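Using the sequences plus the hints, can you model the full thing?
Chain by chain, the residues run as shown.
There are 2 protein chains.
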Amino acid sequence: MTSVGIVGAGTAGLHLGLQLRQAGIPVTIYTNRTAEQVGAGRLPNSVAHHAVTIEREQRLGVDHWPVEEYGYDSHHHYFGLPEPIVFRGDFPRRSRAIDYRIYQPSLMADFEDRGGVIEIRDVDVPDLEGLSEKHDLLTVASGKFTLGQFFGPAEGRQPLPGPLRRLQVGLWRGIAPNDPKGVSIAASPGHGDLLEIPIYSFAGHVTALLFENVPGGALEKLVDVKHDDDPAAFRQMVLDVLREHYPLTFARVDEAEFELTSPNDLLQGQFTPTLRGDYGQLDNGRYVLAVGDIHSTLDPIVGQGANSASYSAQVVGDTVLEDQTFDLRFMRKVAERRRNRVEAAFDWSNLMAGPPPGHLLQLVGAMSQDQDLRNEFTWNFNFPDRQWDILATPERTAAAIARSAAHAAANAAENGEPIHA
Amino acid sequence: MTSVGIVGAGTAGLHLGLQLRQAGIPVTIYTNRTAEQVGAGRLPNSVAHHAVTIEREQRLGVDHWPVEEYGYDSHHHYFGLPEPIVFRGDFPRRSRAIDYRIYQPSLMADFEDRGGVIEIRDVDVPDLEGLSEKHDLLTVASGKFTLGQFFGPAEGRQPLPGPLRRLQVGLWRGIAPNDPKGVSIAASPGHGDLLEIPIYSFAGHVTALLFENVPGGALEKLVDVKHDDDPAAFRQMVLDVLREHYPLTFARVDEAEFELTSPNDLLQGQFTPTLRGDYGQLDNGRYVLAVGDIHSTLDPIVGQGANSASYSAQVVGDTVLEDQTFDLRFMRKVAERRRNRVEAAFDWSNLMAGPPPGHLLQLVGAMSQDQDLRNEFTWNFNFPDRQWDILATPERTAAAIARSAAHAAANAAENGEPIHA
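Quick mapping for you: the protein sequence lines, in order, are chains A and B.
All residue numbers for the first sequence refer to my numbering, where the first residue is 1 and numbers rise by one.
All residue numbers for the second sequence refer to my numbering, where the first residue is 422 and numbers rise by one.
No lab work stands behind these hints: they were computed from the structure.
In this text, all values refer to a predicted model and were calculated from it rather than measured experimentally.
You may find that some hints are simply not true.
Which chain B residues stay away from chain A? Per the calculated CB distances, all over 10 Å, these [stated by the list, open to error]: (1) V507; (2) R514; (3) I523; (4) D543; (5) V546; (6) K602; (7) Y621; (8) D675; (9) N685; (10) T695; (11) Q745; (12) R750; (13) N761; (14) D810; (15) A813; (16) A820.
In silico DMTMM-like links for lysine to aspartate or glutamate, alpha-carbon gap of 25 Å or less [what the hints assert, rightly or not]: (17) B:K754 - A:E133; (18) B:K754 - A:E155; (19) A:K333 - B:D748.
We put the CB at the ideal spot given by N, CA and C, even for glycine.
Listed below in structure tokens is the structure:
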């Protein structure tokens with residue numbers, strides 16, 4: 001019987017492990033933190049799972065947070081131009097954000113309940129050869145930097161020179177939710193973006209504020225000022241930024257209630273988005289497969305990291321179920337099957353985190369006039385490959401805008417409405 | 422509205438055109454022969470369509486030859502060793518062979534009935550630029566050699582130095598069918614293989630004899646002797662070859678009835694199996710997509726050509742339906758989606774047509790002892806990628822044999838049967 005080793009207990013590792021356990025395959029996950037340590041740790045991110053990921057969780061039997069209670073419906077867009085642009089896109093099926101300090105320990109327990117083995121230990125590059133000989137397939141699903149070096153940069157890709165954004169994410173109480181319940185995506189041109197995410201955490205239903213700050217812009221202080229030096233001043237700084245840069249969120253703040261839910265519920269830092277090789281070969285001849293963050297590290301600006309990791313895990317799981325010879329042919333199959341979607345998530349995230357090109361601004365303008373187009377853009381948070389079909393080139397964006405306009409005109413004609421040129 | 426031009430009216434061109442017409446997309450097929458000329462021509466091949474292809478024809482609404490009447494169930498294998506090896510593999514769903522001089526004119530009529538346009542003209546490389554400007558997407562689905570040069574050899578592939586086999590195929594009456602009805606695949610080691618195929622042609626249900634002769638072997642005369650010089654001597658030569666090399670087919674010959682159904686129902690020749698680039702770019706910047714034979718020209722030894730062409734056409738059709746910007750991104754998507762299966766058909770065909778490696782002989786030996794394994798091999802004529810999962814390396818073949826043996830042992834244990842080591 002094939003045995004699979006997985007280094008890392010994040011979304012990629014857990015979803016892959018759970019899928020393989022459904023097929024009765026022996027799986028060991030290696031991680032350096034117990035479920036209790038994960039639960040007691042610092043806020044790691046504020047990622048949402050979109051409907052395609054939640055449906056995968058349903059198939060894995062780990063959807064413990066029904067979207068009726070925990071989910072949300074919409075993206076509320078705000079562009080802080082002299083004439084602000086404001087519009088909303090709706091999901092046909094809900095997304096959902098759960099604090100990973102709740103989510104991951106819960107799935108670790110599910111994995112063990114289903115016969116998976118979790119071994120608590122550090123793993124670094126020198127350990128891979130030994131682990132590869134304990135299993136038929138060894139995968140790395142950890143974001144650990146030194147392990148990333150084993151896989152090297154993705155072929156044919158120029159590495160980015162540095163971070164595109166500098167980040168602060170924290171959990172706050174005292175912000176009234178949007179109506180309909182949803183994520184706010186607000187741009188302060190030249191300075192950064194704010195993602196305001198309804199999230200379920202230890203304090204209940206609270207609000208994650210993810211500040212995506214442009215390096216060199218006015219908002220870098222959000223990353224550099226330390227909360228614990230002066231919590232009141234830190235809170236005031238965040239409030240002032242909301243008032244000046246993100247007024248629609250500020251308008252829903254109840255200043256009497258507004259506070260960080262805990263000093264631990266805050267993360268500041270930056271990293272360079274990186275796409276690495278799909279697999280590496282050890283000196284013993286065996287291949288090691290990269291999945292999740294170690295394969296593609298994404299800026300969180302469009303919340304694709306966990307969804308891409310879960311998708312990638314499923315490609316690996318499906319391929320293991322049909323082919324259990326883990327040679328170069330296997331590695332290439334996995335690489336080919338996931339490339340379009342995983343690279344689209346990477347390219348789209350980088351486009352959104354970099355200086356906005358003209359065709360992105362054109363799409364924003366068109367979306368403000370076209371409900372179908374903004375709903376398509378919103379739903380495509382589930383399908384980064386389709387989003388990239390729209391955004392990969394100016395020609396593609398123009399074609400998407402024209403297609404949606406033609407569709408609207410045809411609908412209007414069908415309904416006997418006058419068509420405006 | 423997107424318009425698509427297709428050069429070539431073979432299986433790839435017709436299946437693609439029919440799929441696009443189902444979606445209402447304007448399609449023009451360019452071909453140098455009318456349906457009447459195709460019908461009146463020389464036998465072009467003796468290819469069978471497997472169940473996955475027939476199911477595609479059902480979706481296209483062109484399955485005019487129900488497998489209950491026209492199909493067959495089995496592969497009858499014979500290896501002419503000092504101790505002959507004989508075994509049978511069964512299909513869970515039937516395959517079917519129809520003379521392409523009946524099949525293609527029928528689908529050309531279907532295509533025109535559904536609003537497709539067929540334009541009768543020659544197309545060569547200098548014509549591609551003009552055609553590319555008449556359509557949003559231009560595809561080449563013709564086997565024409567000069568058009569193949571436009572796409573060049575597939576990247577990272579060493580071209581074959583020449584033909585692997587020299588071919589004679591003819592339609593014959595006077596051979597009683599196999600029971601169960603099926604294709605005979607007989608090997609005369611060192612000399613060649615015979616594929617005996619139940620096929621429906623103008624003369625009704627007859628037998629195609631496809632002689633796959635090893636260059637330099639004793640059977641090259643089948644390709645070099647001309648029928649029309651002395652039809653009686655030609656018939657006698659074929660009979661003598663059957664008697665000496667393919668005795669199980671010879672045993673079913675009624676010599677009083679045995680004859681070619683028509684002098685036109687015979688084809689002799691050879692070609693070099695070739696894998697070409699997925700697409701090429703014209704001087705005007707537009708891309709042209711290769712599909713079917715022009716992309717991968719297969720030795721017919723395992724009858725994959727038409728099935729691979731139809732599969733490839735569907736990948737193109739599906740991609741057009743989801744993305745109508747025909748740039749490099751589109752071309753790469755098509756290339757990636759079909760690569761594993763199309764290249765597996767190519768690699769497997771070449772493995773079977775070349776000198777047999779040890780692991781192929783091992784698989785043959787194991788199949789002779791293992792009904793499940795030979796049924797899997799037979800069914801995999803529908804799935805060349807799965808067949809190549811078994812045959813790509815000696816390790817993979819050993820794993821497939823061990824897996825099937827373990828499965829058989831587990832079944833036997835479950836049924837309380839003794840397990841033989």
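Checklist entry - What are the numbers of the hints the structure violates, in ascending order? => result 11, 12, 13, 14, 15, 16, 17
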